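Trainee: From just these sequences and the hints, can you work out the full model?
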Amino acid sequence: MKLKGSFRALVFLVPAFIAVVLLSSLVGCASGQKTLHLFLGEPSSYTEPLSGDAQKQLDRFKTVYRDYSADPEQTDRLEYFEFAYRRVRAGYVSEVPDATLIDAAVKGVRDTKSQ
1429 MKLKGSFRAL VFLVPAFIAV VLLSSLVGCA SGQKTLHLFL GEPSSYTEPL
1479 SGDAQKQLDR FKTVYRDYSA DPEQTDRLEY FEFAYRRVRA GYVSEVPDAT
1529 LIDAAVKGVR DTKSQ
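Each residue of the sequence shown is one higher than the last, beginning at 1429 in our numbering.
It is possible that some hints are incorrect.
Unchecked claim - Below, computed lysine to aspartate or glutamate pairings styled on EDC-like, alpha-carbon distance capped at 16 Å: (1) K1484 to E1510; (2) K1490 to E1523; (3) K1490 to D1504; (4) K1490 to E1510; (5) K1484 to D1539; (6) K1484 to D1526; (7) K1490 to D1526; (8) K1541 to D1499; (9) K1535 to D1495; (10) K1490 to E1501; (11) K1541 to D1495; (12) K1484 to E1501.
Rather than coming from a laboratory, the hints here were simulated on the basis of the structure.
Predicted model, so just to flag it, every value in this text is computed and none were measured.
Mentor: Okay, here's the thing in structure tokens:
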């Protein structure tokens, strides 16, 4: 008899859990926030505006990326790079100058395309 009660609880809890997950996803979409970022607890340092020099360096990479990209209008990879760039700037073990980070990224793009 106890197993029957546990089964009933499970039948109720699983749909309730799914409803909560779906509801939070819909709320995230409606408010313009990405649910994954909310779940991961994205620190504000990843989303706050970059300093003048950091933005200048990022723009330099974007120019190189568009020059070498097969489809410059597709920005998914560029957006992912920007996220990674911000994350490294915010949380790397030691501070690395923005120009050094972007120089390495530009070299990587050029080396990859030259092969």
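Trainee: It remains to establish, for every hint, whether it holds in the given structure.
Mentor: These are the hints, each one checked on the structure:
| no. | hint | result |
| --- | --- | --- |
| 1 | K1484 to E1510 | holds (13 Å) |
| 2 | K1490 to E1523 | violated (22 Å) |
| 3 | K1490 to D1504 | holds (12 Å) |
| 4 | K1490 to E1510 | holds (9 Å) |
| 5 | K1484 to D1539 | violated (22 Å) |
| 6 | K1484 to D1526 | holds (9 Å) |
| 7 | K1490 to D1526 | holds (14 Å) |
| 8 | K1541 to D1499 | holds (14 Å) |
| 9 | K1535 to D1495 | holds (13 Å) |
| 10 | K1490 to E1501 | holds (12 Å) |
| 11 | K1541 to D1495 | holds (11 Å) |
| 12 | K1484 to E1501 | violated (20 Å) |
In summary, the numbered hints that this structure violates are 2, 5 and 12.
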